[in-house]
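Residue numbers (this note's numbering), protein chains in the order written: chain R, 1 to 400; chain G, 1 to 273.
Everything labelled a hint here was simulated from the structure, so no lab data went into it. Ideal placement from N, C-alpha and C gives every residue a C-beta, glycine not left out. One should not assume that every hint holds.
What the hints assert, rightly or not - Taking beta-carbon pairs under 7 Å as the criterion, some of the chain R residues facing chain G (in silico): (1) Gly17; (2) Gly21; (3) Tyr23; (4) Pro25; (5) Asn178; (6) Met181; (7) Arg182; (8) Ser186; (9) Asn299.
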Amino acid sequence: MAKSYYGKYPDERGKYGKYGGRYAPEILMPALEELDAAFAKFYPQQRFKTELKQLLKDFAGRPTPLYFAGNLSKRWGCNIYLKREDLLHGGAHKLNNTLGQGLLAKYMGKTKLVTETGAGQHGYGTAIAGAQLGLEVKVFMGDEDIKRQHYNVYRIQLSGAQLVPVHSGSRTLKDAINEGMRYWISHVEDTHYLMGSVVGPHPYPMIVREFQRIIGKEIKQQIVEQAGRLPNGIVACIGGGSNAMGAMYDFIEDDVALYGAEAAGEGGDTGKHSLPLTRGRLGVLHGAATYLLQDDFGNIKESHSVSAGLDYPGVGPEHALLKDLGRLQVGEITDQEALDACVELSRVEGIIPALESSHALAYGKRIAQNYHPEDILVINVSGNGGKDLDILQKRLRFDL
Amino acid sequence: MNRIDLSFQNLKKRGEAAFIPFLVLGDPATNHTLEIVKAIEPYFDLLEVGIPFSDPLADGPTIQEGYQRAFASGMNSDKAFELMAQIRQITSKPLIILTYFNVILNRHGNPATGIQDFFNDMDKAGVDGVIIADLPVEEATDVWKYAQTLGKYIIFLVAPTTTPQRLAKIHQYAQGYLYVISRLGVTGAQAQLSDLTIETIKRVQAKEKIPLAVGFGISAPDHVRAIVKAGADGVIVGSAIVDLIKTHQANPSEMVRHVEDYAKKMKEATRRE
Chain R
1 MAKSYYGKYP DERGKYGKYG GRYAPEILMP ALEELDAAFA KFYPQQRFKT
51 ELKQLLKDFA GRPTPLYFAG NLSKRWGCNI YLKREDLLHG GAHKLNNTLG
101 QGLLAKYMGK TKLVTETGAG QHGYGTAIAG AQLGLEVKVF MGDEDIKRQH
151 YNVYRIQLSG AQLVPVHSGS RTLKDAINEG MRYWISHVED THYLMGSVVG
201 PHPYPMIVRE FQRIIGKEIK QQIVEQAGRL PNGIVACIGG GSNAMGAMYD
251 FIEDDVALYG AEAAGEGGDT GKHSLPLTRG RLGVLHGAAT YLLQDDFGNI
301 KESHSVSAGL DYPGVGPEHA LLKDLGRLQV GEITDQEALD ACVELSRVEG
351 IIPALESSHA LAYGKRIAQN YHPEDILVIN VSGNGGKDLD ILQKRLRFDL
Chain G
1 MNRIDLSFQN LKKRGEAAFI PFLVLGDPAT NHTLEIVKAI EPYFDLLEVG
51 IPFSDPLADG PTIQEGYQRA FASGMNSDKA FELMAQIRQI TSKPLIILTY
101 FNVILNRHGN PATGIQDFFN DMDKAGVDGV IIADLPVEEA TDVWKYAQTL
151 GKYIIFLVAP TTTPQRLAKI HQYAQGYLYV ISRLGVTGAQ AQLSDLTIET
201 IKRVQAKEKI PLAVGFGISA PDHVRAIVKA GADGVIVGSA IVDLIKTHQA
251 NPSEMVRHVE DYAKKMKEAT RRE
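Next up, chain R with everything else stripped away, as it sits in the complex (with noise of 0.2 Å):
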């Protein structure tokens, strides 16, 4: 555990330890700075915390259920608790901080949103909070995401949203996230960027940390009132990591291990992977220092996973400052091993998890052996697997 973690991170400067801050150009500091002090004045008024609680009580459908995986505690040899958020709205916890920022976005007197997505769920996330408070909005998504992940384009389009495909680059979230950028350089007066992850310059990461904390607050109560106690672990898995950070913030300074689940893809000695913690390096990337995938001369290197979320070559700098404290355990799962993961929890829990979370499954099988039957684990659900039909149909070659 970190005692006295709370209350330094991000210092004034936006930064965790040496990474974060705000590496951004001169163009959009004025509004980084608008937004920072837009979050500080609105964050804790009564009246925006009252709006959004209805608005993800009765819109969004919070709380999610804790479930006790019954099955799956006896085949792992513990106790197994889900955080469903794959049963929020939008079938993911994305919806916890598009509702969010949209909301902070309506307070701000901005008309607009503009996105990135790399899975798809963010951009629909984004898609369903601009329908829900009169906000218009523009969803940058990369080409080779489109082709992997179409029913969520179709969702977005069906929302009112603009969706605008990317063809630089890797065609993947980085390269949404430089169009996305490049765009609202050009409109920053009436727009907010509302980014999908605990990335980019300050403030982003913790005001996305903010509006999902929430995942973790719920699980703390939940597992409390049905188990009598605080787990042992909870397991999540990273892309920018939003959802770990959602879940595992409010236990950072309690007895309670915390496992990350990154994506090894191929493997991670074949350079096919999305693995910054474990094998990247300190660099600059989208407005903050973190670690990051990158060459010999700080360029970034194009990052692999079956799964488009958890397909980025950097990650959340609060994630890497609690992997340098020894907070934050970080587990590589091969893509392989997370489309085991899900096809096991499909059949033996009925629940389809996205390919995501499914990461998260598979590292919680692998240090459930770690565990005794009395331990208890909780893994985040973070989304639904519906998305995920085509890749889940062609890898796993379901047959009529």
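Could you slot chain G onto chain R? The hints should help.
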């Protein structure tokens, strides 16, 4: 004295503004960059050169494609410094790098020594300053410290959105010249100059004594004359040149000739009437 200061002093005496072209190092190949520099040397007053970065989020499609062509020709920061040393043999005018912070921080693949190594390499290659597109003044103190020890300048950017408070902060660290971004947007040529450009020049000028060089979207001699008339001390022209390189890349001698003609025309427009 830093070559940049000397250059602006001499221009002032002659009643001219600076013509500052921008080239991507290695676009489309290193020998072409050298030939273009040789051809336009009589016309530029300072030269900005870009070390390509994989994720240039302040740049529009034209410069992004220039970076892609440079990467395709094998460009990286090692080769960029070799090329800059060769450029230094061709010209005694100020040479300024434009890049993104990670290229500096991870010089030689080591963030513990990257910044120091980068400035030592700049010194060896005879480079006078550096523009870092994603390094605002708040994050620049470490970099600024290394720059000072070697007499190198960090060129800061100011945007139409920059507040008076930020402008004051930037002024504390600014040396050489201020890069004034002419509009809200990324790099890229445009046909018309926006009113915002003139407004921004006037606003920044009222506060600063440092030379102002205006960039983003400047492509025609008319733009240059308008900007110089508004009181700027220099114009930075990137995308329009990178566009010419792209258009004529199949025929290198044509490419060099087009860029040379363009540079000559643009330089003439910097002479105050």
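Quick rundown of the hints versus the structure:
1. Gly17: violated, 14 Å
2. Gly21: Interface hint status for Gly21/R: holds (6 Å vs cutoff 7 Å).
3. Tyr23: This hint holds: Tyr23/R lies near chain G, its Cβ roughly 5 Å from the closest one there, short of 7 Å.
4. Pro25: holds, 4 Å
5. Asn178: It holds, given that the least Cβ distance between Asn178/R and chain G is near 5 Å, below 7 Å.
6. Met181: holds, 5 Å
7. Arg182: holds, 5 Å
8. Ser186: holds, 4 Å
9. Asn299: Where the cut-off is 7 Å and the nearest Cβ of chain G is about 4 Å from Asn299/R, the hint holds.
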